[in-house]
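Visitor: Chains as they are written, first to last, in this note's numbering: chain A, 197 to 784; chain B, 197 to 784.
Treat each hint with caution, since some may be false.
One copy or two, either will do: identical chains are not told apart, so a pair holds if it fits within one copy or between any two.
Calculated lysine to any residue pairs in the SDA-like style (CA-CA distance at most 25 Å, straight line) [unchecked claim]:
1) Lys502 with Pro311
2) Lys502 with Arg378
3) Lys502 with Glu313
FYI, nobody ran anything at the bench for these hints, they're computed from the structure.
Number of protein chains: 2
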Amino acid sequence: MEASPRSSVAQAPAPAFAAALVGALGRAGVREACVSPGSRSTPLVLALEAEPRMAIRVHLDERSAGFFALGLARASRRPVALVCTSGTAAANYLPAVVEASLTRIPLVVLTADRPPEARDWGAPQTIDQLHLFGRHVRWFAEAPVPGGRPDLERLARALGARAAAVAAGSPPGPVHLNLPMREPLVPSGRLSPEPEALRPVMREWRGTLRPAPEAVAWLAERVARHPRGLIACGPMDEPDAAGPIAALARAAGWPILADPASQLRCGPHVDHHTLGHGDLLLGDAGFAERHPPDLILRLGAPPTSKAFHGWLERAEPSHVVHVDPHGGFRDPAHGASDLVRSDIVSLCDAVRRRLGPPRTPSAWLDAFVAGERAVAETVADVVDADPSLLAPAAVRTLGDALPEARILYVSNSMAIRDVDAFLPATRSRCRILANRGANGIDGMVSSALGASASGTPTVLLTGDLALLHDSSGLLAASIERLPLTIVVLNDDGGGIFSHLPVARLGDPAGFTRLFRTPHGRDLGRLCQGVGLAHVRAESREHLAAALKDSFSRSTPSLVEVVVEAEHNLEQHRRVRRAVTRALSSVGL
Amino acid sequence: MEASPRSSVAQAPAPAFAAALVGALGRAGVREACVSPGSRSTPLVLALEAEPRMAIRVHLDERSAGFFALGLARASRRPVALVCTSGTAAANYLPAVVEASLTRIPLVVLTADRPPEARDWGAPQTIDQLHLFGRHVRWFAEAPVPGGRPDLERLARALGARAAAVAAGSPPGPVHLNLPMREPLVPSGRLSPEPEALRPVMREWRGTLRPAPEAVAWLAERVARHPRGLIACGPMDEPDAAGPIAALARAAGWPILADPASQLRCGPHVDHHTLGHGDLLLGDAGFAERHPPDLILRLGAPPTSKAFHGWLERAEPSHVVHVDPHGGFRDPAHGASDLVRSDIVSLCDAVRRRLGPPRTPSAWLDAFVAGERAVAETVADVVDADPSLLAPAAVRTLGDALPEARILYVSNSMAIRDVDAFLPATRSRCRILANRGANGIDGMVSSALGASASGTPTVLLTGDLALLHDSSGLLAASIERLPLTIVVLNDDGGGIFSHLPVARLGDPAGFTRLFRTPHGRDLGRLCQGVGLAHVRAESREHLAAALKDSFSRSTPSLVEVVVEAEHNLEQHRRVRRAVTRALSSVGL
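Chain A with its partners taken away, still in its complex shape:
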């Protein structure tokens, strides 16, 4: 057994290695670890427990733990550690790791492993964990087995610091350290945290990527020359970027397409440049055709709106400029003309400074402003004319009821599309988050629960299938007691399929059983089963009151809105028809 030269008691190798690694993670800014029960990971878990900087969350199901860590890292903008034992435990992280990779969320995955002599010889709870997450992590490293060489703790510290740095790097994302360990797994005597002054760990000083001056000059010149431009903000979560982006839009006289998860839809920067209803506006074939853009400035991930992408593909503007400090190529339509590698705020500020006073008057901007107003009024009219509580009304009621400084986590499939279409832009502050990397319906409850663990009360808006897909997350929510409101638009199955061509085949093709997949579960009973407060909102007023009540709690609760699927589909169609009429009546 190797003694650590600096600790007071001779420590077993695995616990000493784990303590050094975990200490370095703490010093590198990791503050939260999500662990799942297991034996091989004992040294890591005990080291986390002894590390004063670290808060530990325990989740039984590693898949749920993975999404919890994803939501927490997303909300806190800090790397979160994930710790599990050897075997299929680690395999359960894959869905969250894939999402973290595509959506650029820093995770430090620490998988305990059996030592090499156990691997591929049929030993229990031993799988091939090397490169388990393939190309879906930014970095993989297999640590040596602790012991056998003096002072391997130097490496352990460097591994911890490097893992945190790469996870928070450019682009941020998941990293995977595989940690083989031999017994003894428990420390000899009480494990004390590594003293701060012990030795410096590698600290990374990240810079700000300033735009190339030529790019700024070129772009400013183009903006000045092209009144028919638009800033398309896709899902992103850059702190303090909304103001500079809005200022650039004002200077350019351009509208902003504000994706729900762009942080541009809500906040004090919002003015008439902001399109909250861009999806419905560009979804009108007439408006889209009569307003082809010359220049698109794309910030963040690709916007959720299919209408936006269709508009772009049909118009084929000569300039589609992507700004991405992390060197990505997020261009599904293969239409980008220019990639500006720059911090978003720096670029917006620099271009704005080179532009003159705001472009007024601008017929182009006026058309979008009038269009946005016409759509907003139409939506309000159509939705208000029908007293039923369907998805559009539920989204609007939620938007009205949402207190400031709260996170709204939006699930994929119909939920994010409904928010895109029906949540008006507002000057009220709200942070809207979504898993728009792989757009899966998995792990939604766990993600939102993780976000609420960041200290900001969180509201999840989800459909019933995503809710049931993550029933483990529901169970975790009932155990974790965090301030989370789960709003479920329950149409008993996948309503999205009714919008797809397969719906036209009708039921002989098994449409209902194979695609819509109604489950017939009673969510009230399900909530009772896991011990979660539940209320079924029957009207808008009832929903508003239920939300208010839920927001006042410090524990999770679920607000269910039963949505009649056919009626809901019909209202979506009615809104689009009414939008077309309204736009044509104002000559747009």
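Please arrange chain B on chain A, whose structure you already have, making use of the hints.
Guide: Using the frame of chain A, we list chain B on its own:
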């Protein structure tokens, strides 16, 4: 759009390709597909629906679907297809794929994918699915995008046939076909199944691996020369192998260590050679030391019993012979002396034929027979002396109550260990299955549900953590309405940790919160929540009655046994102490 020359209507390329692929799977013997809702997979799902040989099961959660398919393939001994859409859906299969690989279960994983032009350009629901399961599949292939070349259906048929053949091959395991598809995803007109006579698909004729004659001669000679031998049967599920193995044991005068999942513990072949309590017997240090083996014949995966492995490692017999037709190296102790590549039945028959009449008398065999009897009586005495319903009594009651021709699926962690220690060998027929590849606690309910879908009513014995880890499986069980009895030994957390060194650290190190992880969930309420029948058995008689009632149902129900953790731990220790006393009192 390419027309298939032989179909009456011109068919869109993706549906035509999917129909050819699925038709070949059907002709290659795949009879069940488990699909999860999604859009990109539409051609596959509609082709499955049109294929008359194929039954479709729908499961929302791909992780649960993966384990369901695993359990169904295990029970039916036939490859099962898994079908999902693009994105993280596929990533959710990884845990079941890893288990299937290590435990040699044939799965054909069909993941729909976006076409190459969408990949790595930020397109929605698009992840890198190439080699998604890494080295955990036997074969991976990426199909071309349907269309673009006439008669790609030839390839589709060959891919389907080959996938089924490799999955059922040597060793059996999971295969992964990644299937990129462009729109239209729905067929033009009604999809009709491919006529049987259309063209032959590649059919694989698998042989039986006969042992090398030299190996048979050598082994028979060694068996004859070594009275101190043992046949160790680990987890395996060879049809009709129990009889030949038992006959060899009789001829050799050797005991059989019968792992719970070896198919040797229960059945008409059982006689005094069969050790049902081998784990307790070899767990006695005195007996183990006084009975070192000369020759071990190991069949199947490594046995569950830690005591067996410890006995072997201490004795270091000169011959440890592994028999494996699939060329594996399942030797965690690195002690194998000979690897016989042969079908198990063929080898046992051939060696037996070369041996003379049964070796009698044999002091060696007599010691094991007397030991087994002493342990069995001791277990009965200790357990019967305590009226509490703890794990040992529950296992014995379940063993007594189990009707013939039923599958007992045993979960990992304590459940399989308790069955190993406490389920007596019996001449009654029972098929005991377990996920002893990676030994994870994930997917247990789904696995057992899948087994019950094979047409054989199934009983799952599990702890509470494994149950809650697979809450998605519980939900699936409540929807699927299959004959499944879930017996839960509920000690509110991970009882196994109390057996490990970390328990001795006590609660200052967070033992309860970080390792035992009590959850405090009320399983009765949980069952009510998902709509599953539940009964809490308070005594052995009550448990027997509850099991009988559950066995008479055609739908799932859960029987809960609340196990007092400390008392349970103490009884486990008391049994081991009593076994030591009993063995020493009979001079063993």
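Visitor: Classify it for me, lysine 502 with glutamate 313: is the Cα-Cα distance of at most 25 Å met within a copy, between copies, both or neither?
Guide: between (52 Å within a copy, 17 Å between copies)
Visitor: As a check of your reading, is lysine 502 near proline 311 (CA-CA no more than 25 Å) within one copy, between copies, both or neither?
Guide: Classified as between: cross-chain Cα gap 18 Å, same-chain 49 Å, threshold 25 Å.
Visitor: Within, between, both or neither: how does the pair lysine 502, arginine 378 come out at a Cα-Cα threshold of 25 Å?
Guide: between (53 Å within a copy, 17 Å between copies)
Of the numbered hints given earlier, the model fails none.
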